[in-house]
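Novice: One letter stands for each residue in the lines below.
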Amino acid sequence: MINMETTAVQCALKPKEYASDQEVKWCPGCGDYAVLSAVRKTLSELNIPKEKVAFISGIGCSSRFPYYMGSYGFHTIHGRAAGVATGVKIANPDLSVWIISGDGDALAIGGNHFIHAIRRNINANLLLFNNQIYGLTKGQYSPTSELGMITKSSPHGTIEEPFSPGELAIGSQSKFFARVVDTDLKTMVAVLKQAEQHNGLSVIEILQNCVIFNDKIHSAITGKETKAENQLILEHGKPMLFGAEKNKGLRLMGLELEVVTVGENGITEADVLVHDAGNPNPTLHYMLTQLKSPEFPVALGVIRNIKAPTYDQALHNQRAEEKANSKFHSLNDLFLSGNTFRVN
Amino acid sequence: MIKTELKSAVIKFAGDSGDGMQLAGMLFTDTTANKGNEIATFPDFPSEIRAPQGTVAGVSGFQIHFGESGVYSPGDAPDVLIAMNPAALKANLSNLKPACTIIIDSDNFTERAIGKAGFSRNPLENGILSDYQIIEAPITSLTKSSIADLGLDNKSVVRCKNMFALGMVFWLFNESLDQTINFFKQKFAKKPALVKANIKVLQTGFHFAETVEAFTSSFFVPSAKKVAGIYRNLTGNQATAWGLLAAAKKANRDLFLGTYPITPATDILHELTKHKWAGVKIFQAEDEIAGVCSAIGASFAGDLAVTTTSGPGMALKTEAIGLAIMTELPLVIVNVQRGGPSTGLPTKTEQSDLSQALYGRNGDSPAVVISASTPATCFDWAFEACRIAVEHMTPVILLTESYIANGTEPWKIKLLDELAEIHPNTAESHEDWQPYKRDKKTLARKWVVPGTTGFEHRIGGLEKEDITGNVSYMPLNHEKMVHLRAEKVAMVTNDIPLQKVKGRNANQLLVIGWGGQFGILFGAVSKLQIEGKNIAFTHFNYIHPLPRNTKKIFEGFERIVVCELNNGQFANYLQAQFPEYRFERFNKMQGLPFTVKELKGKFNELLNDD
Chain A
1 MINMETTAVQ
11 CALKPKEYAS
21 DQEVKWCPGC
31 GDYAVLSAVR
41 KTLSELNIPK
51 EKVAFISGIG
61 CSSRFPYYMG
71 SYGFHTIHGR
81 AAGVATGVKI
91 ANPDLSVWII
101 SGDGDALAIG
111 GNHFIHAIRR
121 NINANLLLFN
131 NQIYGLTKGQ
141 YSPTSELGMI
151 TKSSPHGTIE
161 EPFSPGELAI
171 GSQSKFFARV
181 VDTDLKTMVA
191 VLKQAEQHNG
201 LSVIEILQNC
211 VIFNDKIHSA
221 ITGKETKAEN
231 QLILEHGKPM
241 LFGAEKNKGL
251 RLMGLELEVV
261 TVGENGITEA
271 DVLVHDAGNP
281 NPTLHYMLTQ
291 LKSPEFPVAL
301 GVIRNIKAPT
311 YDQALHNQRA
321 EEKANSKFHS
331 LNDLFLSGNT
341 FRVN
Chain B
1001 MIKTELKSAV
1011 IKFAGDSGDG
1021 MQLAGMLFTD
1031 TTANKGNEIA
1041 TFPDFPSEIR
1051 APQGTVAGVS
1061 GFQIHFGESG
1071 VYSPGDAPDV
1081 LIAMNPAALK
1091 ANLSNLKPAC
1101 TIIIDSDNFT
1111 ERAIGKAGFS
1121 RNPLENGILS
1131 DYQIIEAPIT
1141 SLTKSSIADL
1151 GLDNKSVVRC
1161 KNMFALGMVF
1171 WLFNESLDQT
1181 INFFKQKFAK
1191 KPALVKANIK
1201 VLQTGFHFAE
1211 TVEAFTSSFF
1221 VPSAKKVAGI
1231 YRNLTGNQAT
1241 AWGLLAAAKK
1251 ANRDLFLGTY
1261 PITPATDILH
1271 ELTKHKWAGV
1281 KIFQAEDEIA
1291 GVCSAIGASF
1301 AGDLAVTTTS
1311 GPGMALKTEA
1321 IGLAIMTELP
1331 LVIVNVQRGG
1341 PSTGLPTKTE
1351 QSDLSQALYG
1361 RNGDSPAVVI
1371 SASTPATCFD
1381 WAFEACRIAV
1391 EHMTPVILLT
1401 ESYIANGTEP
1411 WKIKLLDELA
1421 EIHPNTAESH
1431 EDWQPYKRDK
1441 KTLARKWVVP
1451 GTTGFEHRIG
1461 GLEKEDITGN
1471 VSYMPLNHEK
1481 MVHLRAEKVA
1491 MVTNDIPLQK
1501 VKGRNANQLL
1511 VIGWGGQFGI
1521 LFGAVSKLQI
1531 EGKNIAFTHF
1541 NYIHPLPRNT
1551 KKIFEGFERI
1561 VVCELNNGQF
1571 ANYLQAQFPE
1581 YRFERFNKMQ
1591 GLPFTVKELK
1601 GKFNELLNDD
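Protein sequence lines, in the order shown, are assigned to chains A and B. Position 270, counted from 1, in the first sequence is what my numbering calls 270; the numbers after and before it change by one each time, with no gaps. Plus 1000 on top of the position in the second sequence (first one is 1) and you've got my numbering.
I should point out that these hints are in silico values taken from the structure, not numbers from a laboratory. You may find that some hints are simply not true.
Here are the simulated BS3-like pairs of lysine-lysine, each with C-alpha atoms no more than 27 angstroms apart in a straight line [as the list claims (entries may be wrong)]:
1. B:Lys1437 with A:Lys323
2. B:Lys1276 with A:Lys323
3. B:Lys1187 with A:Lys323
4. B:Lys1249 with A:Lys327
5. A:Lys25 with B:Lys1437
6. A:Lys327 with B:Lys1185
7. B:Lys1097 with A:Lys327
8. B:Lys1097 with B:Lys1003
9. A:Lys327 with B:Lys1500
10. A:Lys327 with B:Lys1155
11. A:Lys327 with B:Lys1274
12. A:Lys323 with B:Lys1035
13. A:Lys50 with B:Lys1588
14. A:Lys50 with B:Lys1446
15. B:Lys1249 with B:Lys1274
16. A:Lys323 with B:Lys1414
17. B:Lys1276 with A:Lys327
18. B:Lys1533 with B:Lys1414
19. A:Lys50 with A:Lys25
All values derive from a computational prediction rather than experimental measurement.
When you get a sec, could you build the whole thing from the sequences and use the hints?
Specialist: Below, the structure written as structure tokens:
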């Protein structure tokens, strides 16, 4: 998030004015296009000057993202975007910093940086494009590929359990975790705005379709016929209702969530859980991230959003305190301090 | 009592790694440096924090060479050895000067301790020490009895025994106790019992030496005739940290350090993190890779960015350094070298990361490589690394080494006014600006910081189109960019001083050194020159690119020998560039610095067998 007081401008840019002059080179039909549109729209609606934004990406199809934005951008190396972004934010806290990463980039080679960036709570937005496949290297399984999935590097099926980004994020003390699908631009923009306005590391998992190597992997969730039953779009303070008729809901039974239907078996809307994204206790947020279709709808929207100090702010506070309290006022004071001796 | 005047002397404090030998050594160093002696120190300790007690592997040593003149190195072997236990004696037995003085804590020469140190019989009784002057002192028991009335616990009492030994050495060299007494008064201001105990033990040691009548002579080492000015002691790592601070100030940028702890580089982090008041931003990352990546991010965003490490960490940073080369961002990488490969010898010195610095990346990826010579001059080389990085828009690798990083030397304080300004290569106007448009003189591109209106641009690890910086896979463009990156680094040679030679009239043997072995090489060559030998010396700090008169220096010598603490890496580098000369090698790979004695031996051999 950036300080709007110092950067407010009179005329807002239109979404397309956030584009660079470079031709976008993703495959036709790729889910990444939707994210590009949503980000441009978000910046426009929040009226953030494009020179105040830095996109920092790793390696992978989605990591070409910075080239398509007319802001400052840095296409770094595989897995390390979070590390580079940390340096950018510390060096220039006025920037709105966006980390662009995929499931391979953030959770395999960059797993270490992913968990530590979350733990430190660097004030940035991390877009995790999750298509459950390595696209740029042409179709190997990723850390989010389902167990048993057949890919070019797993012709007999994978033999490893996938990571769940939400589980990993909350396990790393995430203060902001959201999930969106690449087919729902409206929710994506709403979520990205909250992410940008959140102080701290905002992780947004984007269920994104790879049209070439893993087509329709999210179709149970995003398909026109099934989406109403399989998507639970969470809103803070609203009941957790879903379904074509918005009459299905979640309720807590002991330590388990269960699906209930309002109007059946004496269930009323009052029995349905109300979403509290700001609850510091992450237990329910964690349970929501773990819901899987077809037994449950998949939780979308902002799942967790709590206030906490950020690393970059703490770092700058400490510098300011040290400066105010230091016995040294210039390097000369330091050089001449302690045991010195004069030779004549 | 005779008082013998010495031009210089070498003292070594040796004991268990918990015996406080480093502190005793440092306090002796402070006193002699304050008196105005030239000094050079060499701390030598095991990589384990508390290695098995009483074993040779657990011995921690601190050697100091101080004198009136001619102190270029910590000295080959001690004139006075303090051995707090049999293991400390054993560890140093093979490297003693004839007739040197050995002060021994006789309380610790028990049968068990003698066996643990690997002696088959008591060395104090079996005659192996008959050539030396042995001073047996019951250091531990006298320490205990001298402060028995202070009510300290046994552990605190025993920890004071290093001060007993130090007190004895102060007496032996007619040095004052004042500075050490002041040190304790300040250090333990809130623990008066500890102040009292340390001072009491120090004085007891001093008086013991005075009254025991075991010493046949005491010594006096006059002050040096140094250049006038204000001095202070600095270790190499501290000097590196201060040089970085000064450079950031002179470049008018915030200093950013992104790093991960690793021996022997961590003291740079320890030092810089104390100076947040000066605006330093410190990021202790989750690993070496995040350390360098955060520095690259900070550089992109406009800070003077530094990462510090040692060999294994350098290996991990390799890919990211390539990114900084491709994106042509300023970045300073400090590698405090230690013994390798792999984990190698973490606390021992070596110069074996030179090839890694020069070549250790994928693709044709040139970076500037420079090296520091002595502890105090680490300040200048850190400053210079920063200057080259921001003025030439390139990563600069600064090689120091454990030996000088932990060693101490008096530094003639440089105040900010005495330091040159640094001019980052920033863009002045939008007109004509392009991300990869270059300065004609240096071929450096401009450094534009995110947040600046009208300069929005994207960089990255993919090949860049010349001038625009857009992604390009065009064959001829790539070839051009490979040449441009190489040429840009090569052109740094126009911005560095000429290489100097000591011994201009010589033509028989040229000695070449680089990095932190300067003092010892200089000392050895100086001695031979005084003896009238036909020998010259040239020492390289700028490794890549080399100074532009390098080839000229090699002309006219019958023999050239490259001396380095590795298996011939700088010699190979020179041989590849100057195949018309034959570079002989003198290599040492023992985790230890050269000694003047072995260098003189080698040079005499080369001079005589024509």
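Novice: A separate judgement is required for each hint: does it hold in the structure or not?
Specialist: So, going through the hints one by one against the coordinates:
The hinted pair formed by Lys1437 of chain B and Lys323 of chain A fails the criterion: a straight-line CA distance of about 39 angstroms is larger than 27 angstroms. Distance check on the hinted pair: Lys1276 of chain B and Lys323 of chain A sit about 7 angstroms apart at the alpha-carbon level, within 27 angstroms; holds. Simply put, Lys1187 of chain B and Lys323 of chain A have alpha-carbon atoms about 23 angstroms apart, close enough for the 27 angstroms limit, and the pair holds. A hinted pair counts as satisfied when its Cα atoms are at most 27 angstroms apart, and Lys1249 of chain B with Lys327 of chain A qualifies at roughly 18 angstroms.
With a C-alpha separation of about 25 angstroms, the suggested pair Lys25 of chain A and Lys1437 of chain B falls inside the 27 angstroms cut-off, and the hint holds. For a cut-off of 27 angstroms, the pair hint linking Lys327 of chain A to Lys1185 of chain B stands: about 20 angstroms separates their Cα positions. A threshold of 27 angstroms between alpha carbons decides the hint, and for Lys1097 of chain B with Lys327 of chain A the separation of about 47 angstroms lies outside it, so the pair is violated. For the hint linking Lys1097 of chain B to Lys1003 of chain B, the alpha-carbon distance of about 20 angstroms falls within 27 angstroms, and the restraint holds.
At roughly 42 angstroms between alpha-carbon atoms, Lys327 of chain A and Lys1500 of chain B are farther apart than 27 angstroms, so this suggested pair is violated. Taking the CA atoms of Lys327 of chain A and Lys1155 of chain B, the gap is near 35 angstroms; set against the 27 angstroms cutoff, the hint is violated. Pair hint Lys327 of chain A plus Lys1274 of chain B holds up; C-alpha atoms about 12 angstroms apart against a cutoff of 27 angstroms. A C-alpha spacing of about 34 angstroms is found between Lys323 of chain A and Lys1035 of chain B, which places the hinted pair above 27 angstroms, so the restraint is violated.
For a cut-off of 27 angstroms, the pair hint linking Lys50 of chain A to Lys1588 of chain B is broken: about 57 angstroms separates their Cα positions. For the hint linking Lys50 of chain A to Lys1446 of chain B, the alpha-carbon distance of about 20 angstroms falls within 27 angstroms, and the restraint holds. A hinted pair counts as satisfied when its Cα atoms are at most 27 angstroms apart, and Lys1249 of chain B with Lys1274 of chain B qualifies at roughly 16 angstroms. Between Lys323 of chain A and Lys1414 of chain B the alpha-carbon distance is near 22 angstroms, which keeps this suggested pair within the 27 angstroms criterion.
For the suggested pair Lys1276 of chain B and Lys327 of chain A, the alpha carbons sit about 12 angstroms apart, so the restraint of at most 27 angstroms is met. For a cut-off of 27 angstroms, the pair hint linking Lys1533 of chain B to Lys1414 of chain B is broken: about 36 angstroms separates their Cα positions. Taken as a hint, the Lys50 of chain A and Lys25 of chain A pair is honoured in the structure, with Cα atoms around 22 angstroms apart against an allowance of 27 angstroms.
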